[in-house]
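Enquirer: Protein sequences appear in the order of chains A and B. Per this note's numbering, the first sequence starts with residue 7, numbered consecutively. Per this note's numbering, the second sequence starts with residue 15, numbered consecutively.
To be clear, the hints were calculated from the coordinates, so they are not data collected in a lab.
In silico contact screen, one side only, chain B against chain A (beta carbon under 8 Å); selected entries: (1) Phe157; (2) Val334; (3) Leu336; (4) Val344.
EDC-like mimics (lysine to aspartate or glutamate), calculated; alpha carbons at most 20 Å apart, straight line: (5) A:Lys149 / B:Asp329; (6) B:Lys164 / A:Glu306; (7) B:Lys364 / B:Asp39; (8) B:Lys143 / A:Glu332; (9) A:Lys40 / A:Asp213.
Computed from a predicted structure; not experimentally measured. Glycine included, C-beta positions come from ideal geometry on N, C-alpha and C.
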Amino acid sequence: MPDQVLYAMEAGLNGLMAGVMYALVALGFVLIFKASGIFNYAQGVLALFAALTLVGFQDGQIPFAHLINAIFGTELHNFGWTLPAFVAIVLAAAVMVLLAMVIERYVLKHLVNQPPIILFMATIGMAYFLEGLGDIMWGADIKKLDVGIPQGINDTIESVTDSLLGYGFFIDNLDIVASVVAALLVISLTLFSQYSKQGRALRAVADDHQAALSVGISLRFIWVLVWSIAGFVALVAGIMWGSKSGVQFSLSLIALKALPVLMLGGFTSIPGAIVGGLIIGMGEKLFEFFVGPMIGGATENWFAYVLALLFLVFRPQGLFGERIIERV
Amino acid sequence: MLYREAGDFKTTYAADSQTFPIRFDRFAYWSLLVVAFLVVPFVINDYWANAVFVPFLIYAIAALGLNILTGYCGQVSLGTGGFMAVGAYACYKLMTAFPEVSILIHVLLAGGVTAAVGVVFGLPSLRIKGFYLAVATLAAQFFLVWLFNKVPWFYNYSASGQISAPERSVLGHAVTGAQTTAPAKYLFCLAILFALAWLARNLTRGTVGRKWMAIRDMDIAAEIIGVNPLTTKLSAFAISSFYIGVAGALFFSVYLGAVEVGEAFGIQKSFLILFMIIIGGLGSIFGSFAGAAFMVLLPVFLKNVLVGHLGWATDLAAHVELMIVGALIVIFLIAEPHGMAQLWRLAKEKLRLWPFPH
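Chain A with its partners taken away, still in its complex shape (with noise of 0.2 Å):
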């Protein structure tokens, strides 16, 4: 085969590879629109803080340090003791479960029955002040995420294509690992919504919330359960793009990558968000790969948008999406 092809091939994969990140965030903000109709622009900014939780716990930081310094004149850093990566990211689940509860006793339990936009606006809010909390709490410098995933060059795929194709591909072991534990949190999120009796009371609460309510379901346990959930989902995108590119403030930007992602596969399907996840991916690393030496490169910061764009003038509610159906 010319090098062309397999060089093209290449940047497919670690497209369908970065596709699968950016499913990662998706994900979380399928989960939450489909539970209460609430468009999650804090998604990314959740990841953000779950990985610099994360980070914070594994290293013995003292939380607040920076402020504590600045108020009392103190010279606090750390603990003194690192945490192994498991217990850490179990503390770090737990302060995801807190901060849902917060969110809903705080803010969403003040914005029921306002229309979508101004909840969409109240996260925007939400993304900015945990961003600052974040910061504040950990420290806004570049951290590095190590929890034990493997990390470079994959060289069984390496060796094998090179015999096949005389040509080795470079895929990342981080990259494996994220689609493996992608795949793993699709199906268990699909199992759980459709078979446990949680998941069948988050469908109602979907669904209508006022027949919902009427019928004993419990709005309040629900949002905290689905905010906890998309919560979990963060930590697992924030663990990988930690690991992948350090943990810093850009990693809340994954959240804007996430959205194209969303509106191809559509708001309400979970597949949906694997799916459009990968053809944005791959879009984008083939776009770059063929058409982005033409016209000066670095089209992976808009092209999602665009294609998103054009895709949506042909079928408004994206490829899985429940068709839009309006009444006057």
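Assemble the complex: chain A is given as a structure, and chain B must be docked to it using the hints.
Expert: Quick look at chain B alone, frame taken from chain A:
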């Protein structure tokens, strides 16, 4: 007592539809104008002009523009930063290509160019609604910023990739470049803002504005009663983009002087202006001003208190500021989804009745 009309004595339509029906309001409006045009220019210094007044005036123009689109016509846009960049680069290209033409014309033409770009990116709004449209406008934001970064023609092949405004003057006073004085900058922006605000106020209460509001409240119903969604939505995009383009042109030429596109017109700018109209009040001219003033003054205030008085590090202060802005937005949305303009409206209602409860 003062703040009340003494009965309904209107005999003409003009009197019935005037902007400020209460005499006290008219008095306040005219005295505010007198102070803004005749007093402030004589006392303003460089710090106040650069830290407070000029950014406020420019952001107020941008907020007016976004409010027309989002507050009046109901089309949420996250592409404001990108459209401001169009205004800035159009102004730069015009300034360098036709140095003999007045900067005022360049600024307005830059607004016109932005309006055309806005219409192009507004076309999908006929098919896409709500969040989908908000995300679609992100395409404008990222694509435009990328375009101005990558195509050297836009920044005249300068080595740094920046654009910087050459010196231009209006009526013999420099308004751009290094020689500019604080009053000149201030008055130039103020005059444009005044004209545009006057236009916006009168557009929004006329036929055009009513059509926008009909589309906002329910587009299908509006279509049934004979509002054409194509012209209405696109006119909202065009006029909104015109305002935002003028704001971008002023932001670049008068306020900053030299800009790097990703830094000055990034996604953060889009959110900043969106916050202005949320906090100020969606669908309100006064709200655009209040929101712009609030979002300009808050960082200045916090910086003075936290860094100046408490002696905190600037990065810590910046994070506290993020938290406060975020919390304020949530609080505003919970307490008063219609923003400061609604508080003002309620206060006026109360004043009209005072001292009686009903």
